[in-house]
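Participant: Just so we're aligned, residue 739 is where the sequence shown starts under this note's numbering, counting upward by one.
No lab work stands behind these hints: they were computed from the structure.
These numbers come from a predicted model, not from an experiment.
It is possible that some hints are incorrect.
Derived CB-CB ranges, DEER-like [what the hints assert, rightly or not]:
{"#": "1", "residue 1": "H778", "residue 2": "K799", "range": "28 to 38 Å"}
{"#": "2", "residue 1": "V775", "residue 2": "K814", "range": "58 to 68 Å"}
{"#": "3", "residue 1": "K814", "residue 2": "L776", "range": "56 to 66 Å"}
{"#": "4", "residue 1": "S803", "residue 2": "L766", "range": "47 to 57 Å"}
{"#": "5", "residue 1": "L777", "residue 2": "S803", "range": "36 to 46 Å"}
{"#": "6", "residue 1": "Q794", "residue 2": "K827", "range": "44 to 54 Å"}
{"#": "7", "residue 1": "R800", "residue 2": "T823", "range": "26 to 36 Å"}
{"#": "8", "residue 1": "H778", "residue 2": "S741", "range": "48 to 58 Å"}
{"#": "9", "residue 1": "L791", "residue 2": "Q830", "range": "51 to 61 Å"}
{"#": "10", "residue 1": "M767", "residue 2": "R800", "range": "42 to 52 Å"}
{"#": "11", "residue 1": "S803", "residue 2": "S783", "range": "26 to 36 Å"}
{"#": "12", "residue 1": "E787", "residue 2": "A824", "range": "52 to 62 Å"}
{"#": "13", "residue 1": "L744", "residue 2": "S765", "range": "30 to 40 Å"}
Yeah, the Cβ is synthetic: ideal placement off N, Cα and C, and Gly gets one too.
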Amino acid sequence: MASLSLCEDSYRSWRELAISSYCEQLSLMQRLRHEVVLLHGKLGSREAEIETLKQQLEEAKREESVVELEFSNYRKHTQKLMCDTAVDKTEQWLDSLSSN
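Hey, can you work out the whole structure from these sequences and the hints?
Facilitator: This is the structure we're talking about:
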C-alpha cells in the first residue's frame, strides 16, 4: 500500500508539474500570437507607407521632368533671343559702317 500511495503521490506531483508547464506554454503561445498580430499590423502600416513614398517619388520624378523640359525650352528661347539680338546689332553696326 505504501508503494501505491507513493506512486499516486508521484503521479499527482507529475500531473501538477505537467499542468503548470502546459499553462506556462499556453501563456507563452498567447503572448507570441499577440506579438505576431501586432507585428503584422505594423508590417501592413509600413507597406502602406512604402506605397505612399513610391507614389510621391513617381510624382516628384514627373514634376522634375516637366521642370527640366520647361527649363530646356526657356534656355533655347533665351539663346534664340540672344542670337537674334546679336544679329540685329551686328547688322546695325554694319549699316552704320557702310553709311560712313
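Participant: If you test the structure against every hint from before, which numbers come out violated?
Facilitator: No numbers; nothing is violated.
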